[in-house]
Amino acid sequence: MDDTRIRFGDVPWGAVIRVGLIGAAVAIFLCLVGIVPVFHTRPLIKDVISLGQTSVVLALLATGLVTARTADMRGTLSVLPGAVAGAIAGAGLTALVILGEVINVRAVFLNASPLLYGILTFGSGIAGSWIAIVIGAVLGAAGSVGARLPTSSRRPLTTFVLTLLMGGLFAGILRTAMLSTPLAGLGRLLFAPLGLTIVGAIVAVIAFVGASELFHYTRVRDRVNGMAPAQQRLVTWPLLAIAAFAVLMLPHALGPFVAQVIALVALYVLMGLGLNITLGLAGLLDLGFVAFFAVGAYTVALLTGTSEFGIADWPFWAAIPFAVLFAMVFGAILGLPILGIRGDYLAIATLGFGEIIRILAGSDLLSPWLGGPHGILNVPKPIAVQPTHFLAGPNQIYYIAIACAVLIAFVAWRLRGSRIGRAWLSIREDEDVAEALGVNLVQTKILAYVLGAGFAGLGGGIFASLVGSIFSSSIQLFVSINVVAIVVVGGMGSIPGAVLGALFLIGVPELFREFSEYRFLFYGAALILMMLYRPEGLMPTRFAAREVHLESQELGADTVVAAPTEST
Amino acid sequence: MALLDVDGINAFYGNIHALRDVSLSVDDGEIVTLIGANGAGKTTTLNCISGLVRPRSGTVKLAGEDLAKVQPHHIVERGVVQVPEGRRTFARLTVDENLRMGGFTLTSEANLRDGISRAYDMFPRLKERRSQTGGTLSGGEQQMLAIGRALMVSPRVLLLDEPSMGLAPTLVESIFETISSIHAQGTSILLVEQNALMALNVAGRGYVLQSGQIILSDTAANLAANEQVRQAYLGEI
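Chains R and Z, in that order, are what the protein sequence lines are.
With our numbering applied, the first sequence corresponds to residues 1 to 568, in that order.
With our numbering applied, the second sequence corresponds to residues 1 to 237, in that order.
In short, the hints are calculated from the structure, not lab data.
Backbone N, C-alpha and C define an ideal beta-carbon position, used for all residues, glycine too.
Incorrect hints may have been included.
Said to hold, decoys possible - Per the computed footprint, the stretches of chain R lying under chain Z, defined by three or more beta-carbons under 8 Å from a beta-carbon of chain Z, are:
1. 412–423
2. 436–450
Unchecked claim - Across the chosen pairs, the derived CB separations fall in these ranges:
3. Z:Asp66 with R:Ile348: 34 to 42 Å
4. R:Leu366 with Z:Gly14: 36 to 44 Å
5. Z:Gly39 with R:Arg534: 37 to 45 Å
6. R:Pro496 with Z:Ser181: 42 to 50 Å
7. R:Gly417 with Z:Asp27: 15 to 23 Å
Unchecked claim - Which chain R residues stay away from chain Z? Per the calculated CB distances, all over 10 Å, these:
8. Phe29
9. Val138
10. Leu149
11. Pro182
12. Ile198
13. Phe215
14. Ala243
15. Phe257
16. Trp314
17. Pro315
18. Pro337
19. Ala392
20. Val433
21. Ser516
Can you make the complete structure from the sequences, with help from the hints?
Here it is as structure tokens:
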């Protein structure tokens, strides 16, 4: 647009109002579903802002941001559409407060409580209901400014927001970790029991925004990339060593509760990497992962358990190969009849197996051996040590799971470039052609399926030992879904992706148990957002990125092909 | 005895009788073409030969051996390789990996390397794009890749399904030149085409398939001169 002044009539008001109304709907949803009042109990920055308020702030900022993207206006008054949309979203909250004060909607919406209205009006009641409109307008304008900023100023802003969010969420854990060290005083200064202190927030923002800007402007990445390979190794190896050391020290630094959580995360990383072979390489969507997980778990529980169900009293190390072996045998038995089925149908068939195993494990028929719903208790840890020992409790499971995950990652990496790896990829691409080129479909698919089953069995065996018991109620469909979601969210076939996926989908919900009733809500929202904005996963392999963006790549290739023709 | 001998095969998709008593043969060192309209059963015939579809009756013999009980991957090992219609290269594998898949039944790395370098000699264009993925190639390059992939195992009989489909006229000519040169190196070819003019040009003999039945079989030159063929498939009125 040539004119620097925005003309009123140029603004696509219809679109602005629509975005504003969507923003209002989201904000009202956050309130009525209880996120705002429940999360209000958890401060992000102590005495400044709570998590509940943050959720509304983010919704209003997003309204402005989306408006700026939709109504792409430039010039002095270009914040106007964002401000209007934000105000509309805020007005939604005002309407909610007024409506709630006039008629009683609590009978339907349990969360439409005076507490909620207090949060939205800063305690001033119906008289202060207009505040939401003003705040909405300001935040909407801010969001739309943010959308139009050049990258150089948007990057620090994004870092700013992320630092506060992450700092606020993990402050309690960090504080606990620091209290047992000489840094206790610093821990108290920076972190409240819940959330950051004001000092902490300022320090964190300065530190992280400063570090990220410094990293950017000193062009560290370009410099390292420009180095000779030998020099690059001098930089990357020590960094890797530090990272590895940090990973190994994690359970000790963060205390027993977090240790249990990260042991579970490591376990899911292991299983995610296992499914990566079945799903990521061979393209077999296996939703019955939990079936083999159960086989592994019960095998370890029966072979090592000291309860009345224990049959062998073996050490963990002797039992775990059998857990893997039995899971693989089960995989072969279940796999043979169904692997002729293609695509989605295979997923449904495997889903059925997961359920069959769950029901069998809890059935009266098998309860004399498997304990039915009461399960098998007293599954010992792999290494018997004093509670104060370095390897006590979940720590040893954490190390075992990480060691197994590294092993699986190595196997997966070697398989990718091998003959069988190519056969899997080709089946995933085009079964008919693969068959026509001489790939034995049944054999090749069974191999992938059995391998995946073996890793599931390994995960199950370790799980039984981690928890110290196994119940039929542990054999949930959700285990399978978790593992598939880790692979999909992280990026199919990607090893760092599986780690990130497990941290995000297993670790975060476990750490925030007090909000566990919203677990599935966040889970669903996260998956939908992922599929919309980053379908290739958080950390896709180059291979997966190619796959999702194949069409745009094809366009690129055509222009490359066309260019030489024009020059001749 | 013919190298490839198809004798009276009947094939069904559910209740649909796709092939009715189809018989044809390919001798050692021949190019034979199978022409016919869309849906006449050309691809089904090829699929019956490569074992992807099993005929309900009739026999497919390679050098006298009945292939009825032979698994598709073993048929490849015996030297019958199909280049599927629509090319169907593995879009997300690189050119190199695609070729390696073509040589899947080869067990020695030396043979694989040998096959790949032969493919690159035949199609230098592919060598330039060896680490690109199949999906990023142009249509002509994909057809080269599909043919190169099939040639990896040095087949005795190459089954080509509509190699000219969807290609620009200049590319069609170069593909047919390639077919001639593959034939010159001693590979027998069964060529399925809708582009009857080009096909009859390179082939020695031909069959005309209509609604699942062979209605004509003759030398290519005679077929090209045949009034019925000219009207139906060569676009002459």
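Okay, the hints, checked on the actual structure:
With 3 residues carrying a beta carbon less than 8 Å from a beta carbon of chain Z, the segment 412–423 of chain R meets the three-residue requirement, and the given coverage holds. Counting residues of the segment 436–450 of chain R whose CB falls under 8 Å from any CB of chain Z gives 5; the rule of at least 3 is met. The supplied range of 34 to 42 Å is met by Asp66 of chain Z and Ile348 of chain R, whose beta-carbon atoms lie about 38 Å from each other. Under the hint 36 to 44 Å, the C-beta atoms of Leu366 of chain R and Gly14 of chain Z, about 42 Å apart, fit the expected range.
Taking the beta carbon of each, Gly39 of chain Z and Arg534 of chain R are about 42 Å apart, inside 37 to 45 Å as hinted. Between Pro496 of chain R and Ser181 of chain Z, the C-beta spacing of about 47 Å keeps the proposed range 42 to 50 Å intact. Distance hint check: the CB atoms of Gly417 of chain R and Asp27 of chain Z are about 42 Å apart, inconsistent with the given range 15 to 23 Å. Consistency note on Phe29 of chain R: stated as away from chain Z, and its beta-carbon is indeed over 10 Å from all of that chain's, at 39 Å minimum.
The beta carbon of Val138 of chain R sits about 48 Å from the closest Cβ of chain Z, which is more than 10 Å, so the claim that it is off the interface holds. At roughly 35 Å from the closest C-beta of chain Z, the C-beta of Leu149 of chain R stays outside 10 Å, upholding its exclusion from the interface. Pro182 of chain R, annotated as away from the interface, keeps every beta carbon of chain Z farther than 10 Å; the closest lies near 53 Å. The claim that Ile198 of chain R lies off the interface holds: its Cβ sits roughly 51 Å from the closest Cβ of chain Z, which is beyond the 10 Å cut-off.
Here Phe215 of chain R stays apart from chain Z, with its beta-carbon at least about 31 Å from theirs, past the 10 Å limit. Residue placement check: Ala243 of chain R keeps its beta carbon more than 10 Å from all beta carbons of chain Z (closest about 30 Å). With a minimum CB-CB distance of about 43 Å to chain Z, Phe257 of chain R clears the 10 Å threshold, and the non-interface call stands. At roughly 41 Å, the least C-beta separation between Trp314 of chain R and chain Z is larger than 10 Å, which holds for a residue marked as non-interface.
The Cβ of Pro315 of chain R lies farther than 10 Å from every Cβ of chain Z, with a closest approach of about 41 Å, so its non-interface assignment holds. Annotated as non-interface, Pro337 of chain R keeps its C-beta farther than 10 Å from every C-beta of chain Z; the closest such distance is 18 Å. For Ala392 of chain R, the requirement that its beta carbon stay farther than 10 Å from each beta carbon of chain Z is met, with the minimum near 46 Å. A cut-off of 10 Å between C-beta atoms contradicts the statement that Val433 of chain R is not in contact with chain Z; the least separation is 5 Å.
Every Cβ of chain Z is farther than 10 Å from the Cβ of Ser516 of chain R; the closest lies at roughly 39 Å, confirming the non-interface assignment.
When each numbered hint is compared with the structure, violations occur for hints 7, 20.
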